[in-house]
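Starting from the given sequences, assemble the full structure and let the hints guide the process.
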Amino acid sequence: MSISSIERYREWARRIENDPRFVAEQMKLTFANDLVLLLEARGLKRTELAEKLGTNRGYVTRVLNTEYNLSIETMAKIALALDARISLRMLPREEVERRRRSPVPARTARRRGRQRDFVAADRPARTRR
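Per my numbering: the sequence shown ends with 130, consecutive numbering throughout.
Hints are computed from structural coordinates only; laboratory data are not their basis.
Treat the hints with care, as some may be off.
Below are the DMTMM-like pairs computed for lysine to aspartate or glutamate, each with C-alpha atoms no more than 20 Å apart in a straight line [stated by the list, open to error]:
#1 K53 - E41
#2 K29 - E18
#3 K29 - E68
#4 K78 - E52
#5 K29 - E41
#6 K29 - E74
From a predicted model like this one, the values you see are computed outputs, not experimental measurements.
Below, the structure is given as structure tokens:
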């Protein structure tokens, strides 16, 4: 990759970082990823979540594929159905950057390339066979 290509990429990255649509999509992706991780941790399937929400599996799939424009109320409904809480905070950019550079907390584990921030109590108990 040439230096001019790298500079063009960096400029593009700076532009989209300040695009509200990009930021919103990033937030929806984070929500969907957290939802998948929580479903896995609780041992639930999409169908079971749909039953808890009083809807169908297709709706849950749309939420997970970020095709659905989620309202905060919808996210809260999903979180409550899973006995979870949502944290929506606005932080100064420098605080976010500082947190990104800090070491990963000890309770964080890696699984299939995704970050997990759930404590052991959120995971279903393993049984011996």
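The hints, checked one at a time:
Of the supplied pair hints, the one linking K53 and E41 holds, its CA atoms being roughly 16 Å apart against a limit of 20 Å. With a C-alpha separation of about 15 Å, the suggested pairing of K29 with E18 holds against the 20 Å cut-off. The hinted pair formed by K29 and E68 meets the criterion: a straight-line CA distance of about 9 Å does not exceed 20 Å. Among the hinted pairs, K78 with E52 is consistent with the structure: their alpha-carbon atoms are about 13 Å apart, no more than 20 Å.
Between K29 and E41 the CA atoms are separated by roughly 18 Å; this keeps the pair inside 20 Å, and the hint holds. For a cut-off of 20 Å, the pair hint linking K29 to E74 stands: about 14 Å separates their Cα positions.
When held up to the earlier numbered hints, the structure conflicts with none and fits them all.
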